[in-house]
Amino acid sequence: GAVVSQHPSWVICKSGTSVKIECRSLDFQATTMFWYRQFPKQSLMLMATSNEGSKATYEQGVEKDKFLINHASLTLSTLTVTSAHPEDSSFYICSATTGRTTEAFFGQGTRLTVV
Amino acid sequence: GQNIDQPTEMTATEGAIVQINCTYQTSGFNGLFWYQQHAGEAPTFLSYNVLDGLEEKGRFSSFLSRSKGYSYLLLKELQMKDSASYLCAVRDGDYKLSFGAGTTVTVRA
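Protein chains in written order, with this note's numbering: chain A, 1276 to 1390; chain B, 82 to 190.
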């Protein structure tokens, strides 16, 4: 199956700093990537959808200036959590798809802890 | 928005069969997925249904009825390693994939 690599797997940062999370499709070209956030014992909540070369589409309630998403190539999307606060601590997961009719493959997830 | 409902928890014994139901209401429909997720890990793909009927894949089967907005995941010959959270996810008319809250399945010896 297709491989999506997400880095880092876990990160601890201080309040007020920014953290960048990378999502790479290793053996296919991902036209669309999705970013999710998951709090403990809760479901995956879609944050935004990004298409290569265009601006990301954010879900209602997600601050686009706080969660910067860049999808500059067909194999890489990045999520930057700016001015992180403890309430941003969560499990962030990306998924990538080759097109509208195919399944989405997930990265390993990033455990972010803001102290 | 999307509304995807599934039971919170289920418990079964090793070797048994468990059926996890999922009902959904979405704006458009382009397929229903089932994922397995172990604590602290990313979801792994189990099955995909876009047409009505049953899809069988080894010990796992998934059923879909689009007219009823209903799906189930059937786990047969349960093993201890099947203890996990099972997520029902629906792709809507805009091809966004939204998830239910997940069903935690506990398999007992």
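The set of hints was computed from the structure by calculation and includes no laboratory data. Be aware that a few hints might be false.
[Stated by the list, open to error] Below, simulated DSS-like cross-link-like pairs (lysine-lysine); rule was C-alpha separation at most 27 Å, straight line:
| # | chain 1 | residue 1 | chain 2 | residue 2 |
| --- | --- | --- | --- | --- |
| 1 | A | K1295 | A | K1341 |
| 2 | A | K1339 | A | K1289 |
| 3 | B | K157 | A | K1295 |
| 4 | B | K157 | B | K138 |
| 5 | B | K157 | A | K1316 |
| 6 | A | K1316 | A | K1339 |
| 7 | B | K177 | A | K1341 |
| 8 | A | K1295 | A | K1339 |
| 9 | A | K1330 | B | K149 |
| 10 | A | K1341 | A | K1289 |
| 11 | B | K177 | A | K1316 |
| 12 | B | K177 | B | K149 |
| 13 | B | K138 | B | K177 |
| 14 | A | K1341 | A | K1316 |
| 15 | A | K1330 | A | K1341 |
| 16 | A | K1316 | A | K1295 |
| 17 | B | K162 | A | K1316 |
| 18 | A | K1330 | A | K1295 |
| 19 | B | K138 | B | K149 |
| 20 | B | K138 | B | K162 |
| 21 | A | K1339 | B | K149 |
Computed from a predicted structure; not experimentally measured.
Right, here's what the structure says about each hint:
no.: 1; hint: A:K1295 <-> A:K1341; result: holds, 12 Å
no.: 2; hint: A:K1339 <-> A:K1289; result: holds, 21 Å
no.: 3; hint: B:K157 <-> A:K1295; result: violated, 41 Å
no.: 4; hint: B:K157 <-> B:K138; result: holds, 11 Å
no.: 5; hint: B:K157 <-> A:K1316; result: holds, 25 Å
no.: 6; hint: A:K1316 <-> A:K1339; result: holds, 25 Å
no.: 7; hint: B:K177 <-> A:K1341; result: holds, 21 Å
no.: 8; hint: A:K1295 <-> A:K1339; result: holds, 14 Å
no.: 9; hint: A:K1330 <-> B:K149; result: violated, 36 Å
no.: 10; hint: A:K1341 <-> A:K1289; result: holds, 16 Å
no.: 11; hint: B:K177 <-> A:K1316; result: holds, 22 Å
no.: 12; hint: B:K177 <-> B:K149; result: holds, 21 Å
no.: 13; hint: B:K138 <-> B:K177; result: holds, 25 Å
no.: 14; hint: A:K1341 <-> A:K1316; result: holds, 24 Å
no.: 15; hint: A:K1330 <-> A:K1341; result: holds, 15 Å
no.: 16; hint: A:K1316 <-> A:K1295; result: holds, 24 Å
no.: 17; hint: B:K162 <-> A:K1316; result: holds, 19 Å
no.: 18; hint: A:K1330 <-> A:K1295; result: holds, 17 Å
no.: 19; hint: B:K138 <-> B:K149; result: holds, 23 Å
no.: 20; hint: B:K138 <-> B:K162; result: holds, 17 Å
no.: 21; hint: A:K1339 <-> B:K149; result: violated, 36 Å
Checked against the numbered hints above, the structure violates hints 3, 9 and 21; every other hint is satisfied.
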